[in-house]
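Trainee: The opening position of the sequence shown corresponds to residue 1 in my numbering, with each subsequent residue numbered one higher.
The set of hints was computed from the structure by calculation and includes no laboratory data. The C-beta atom is built at its ideal place from N, Cα and C for all residues, glycine as well. Worth double-checking, as some hints may not be accurate.
[To be verified] What follows is a set of in silico ranges between Cβ atoms, one per label pair, in the way DEER data are often shown:
| hint | residue 1 | residue 2 | range |
| --- | --- | --- | --- |
| 1 | A135 | T70 | 42 to 50 angstroms |
| 2 | S152 | T27 | 14 to 22 angstroms |
| 3 | D115 | G143 | 18 to 26 angstroms |
| 4 | Q83 | G237 | 18 to 26 angstroms |
| 5 | T70 | E184 | 17 to 25 angstroms |
| 6 | R265 | S107 | 41 to 49 angstroms |
| 7 | A164 | F84 | 13 to 21 angstroms |
| 8 | L105 | E184 | 22 to 30 angstroms |
| 9 | H178 | D61 | 34 to 42 angstroms |
| 10 | D251 | D61 | 46 to 54 angstroms |
| 11 | A116 | R265 | 41 to 49 angstroms |
| 12 | N156 | T258 | 36 to 44 angstroms |
| 13 | L105 | R265 | 15 to 23 angstroms |
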Amino acid sequence: MPSAMHLRAEPGLPAQPAPLLDRAALTLKRHSLMYPPLADGDPAGSAHELSTDVGVVWKSDGSTFDGGDTLLTRRYFALQAMQFRLDQLLQGRGAPHGRELDLFLDSRFDQAYVDAGAYQQLALSATGVLGEPDALPVFFDLGRKRLVVDTSRFFNAGTAQITAAAVHGVVAMAQSSHFMAWLEQQPVLTGTAMADSVMAEAPHALLAAARCVTRYVLTEPGLELTPPAEQLARRVGAKAVVRALLTGAVDETRATVTAFGLLRRQGLWDAGMALA
1 MPSAMHLRAE
11 PGLPAQPAPL
21 LDRAALTLKR
31 HSLMYPPLAD
41 GDPAGSAHEL
51 STDVGVVWKS
61 DGSTFDGGDT
71 LLTRRYFALQ
81 AMQFRLDQLL
91 QGRGAPHGRE
101 LDLFLDSRFD
111 QAYVDAGAYQ
121 QLALSATGVL
131 GEPDALPVFF
141 DLGRKRLVVD
151 TSRFFNAGTA
161 QITAAAVHGV
171 VAMAQSSHFM
181 AWLEQQPVLT
191 GTAMADSVMA
201 EAPHALLAAA
211 RCVTRYVLTE
221 PGLELTPPAE
231 QLARRVGAKA
241 VVRALLTGAV
251 DETRATVTAF
261 GLLRRQGLWD
271 AGMALA
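Construct the entire structure; sequences and hints are all you get.
Mentor: In structure tokens form, the structure reads like this:
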């Protein structure tokens, strides 16, 4: 299967630095409303214990957010609500989460809420990325263990309401590498009678449909299921597709991939339509 299926940077490889990136121009400061200064010399060590179990919320130094720190706090809680919804959705089946999803659900990483310019700079300097920061407003910087959010696109202006692009970005970031490996390896995705171009597009078509189902279950604003995504959800079950994409669980992934093969062989799957 073509290497183009890898839609994220390899975690062990540093990102290429931008020639014109002025690293000195971007500094982050702690969001003090969420994390006030800790008292020095705490004899019980309670302040240290508290601060090591949670990540730090950062913002661009000198940038002015519409609504100030109060709005930033509300946005922080809105993102936590998305984490909680995902965790609830995937509980109870006994299978472990994928590494990518675990990184998003774990609240101990740092978070940076920045404007579009700072977001681009942080993406260019990241050392290993989960997600698609070139197109979507959130990514995970593996090297710094930091979730980076472009507030101008992740939230509606002046509010803590999460946008469609935000949901799409979280799904792209949290999708399981195990699921991606299945797309590359399973022969049911292809067939000897298929043209080379169709064979190359089949994994991308299934990925697009699985993402669409997951974004729909997460109530992405304004999203309607594409016909291929609806076919897949009816055949397998929407929650099974979500678990396949985000955890790579064997049973759900096998069922999702097999259903794709059956739909294709029955002529009910149009790869071009799935990618739309």
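Trainee: Evaluate each hint against the coordinates.
Mentor: Results of checking the hints against the structure:
{"no.": "1", "hint": "A135 / T70: 42 to 50 angstroms", "result": "30 angstroms, violated"}
{"no.": "2", "hint": "S152 / T27: 14 to 22 angstroms", "result": "19 angstroms, holds"}
{"no.": "3", "hint": "D115 / G143: 18 to 26 angstroms", "result": "22 angstroms, holds"}
{"no.": "4", "hint": "Q83 / G237: 18 to 26 angstroms", "result": "23 angstroms, holds"}
{"no.": "5", "hint": "T70 / E184: 17 to 25 angstroms", "result": "46 angstroms, violated"}
{"no.": "6", "hint": "R265 / S107: 41 to 49 angstroms", "result": "44 angstroms, holds"}
{"no.": "7", "hint": "A164 / F84: 13 to 21 angstroms", "result": "20 angstroms, holds"}
{"no.": "8", "hint": "L105 / E184: 22 to 30 angstroms", "result": "25 angstroms, holds"}
{"no.": "9", "hint": "H178 / D61: 34 to 42 angstroms", "result": "39 angstroms, holds"}
{"no.": "10", "hint": "D251 / D61: 46 to 54 angstroms", "result": "48 angstroms, holds"}
{"no.": "11", "hint": "A116 / R265: 41 to 49 angstroms", "result": "45 angstroms, holds"}
{"no.": "12", "hint": "N156 / T258: 36 to 44 angstroms", "result": "39 angstroms, holds"}
{"no.": "13", "hint": "L105 / R265: 15 to 23 angstroms", "result": "36 angstroms, violated"}
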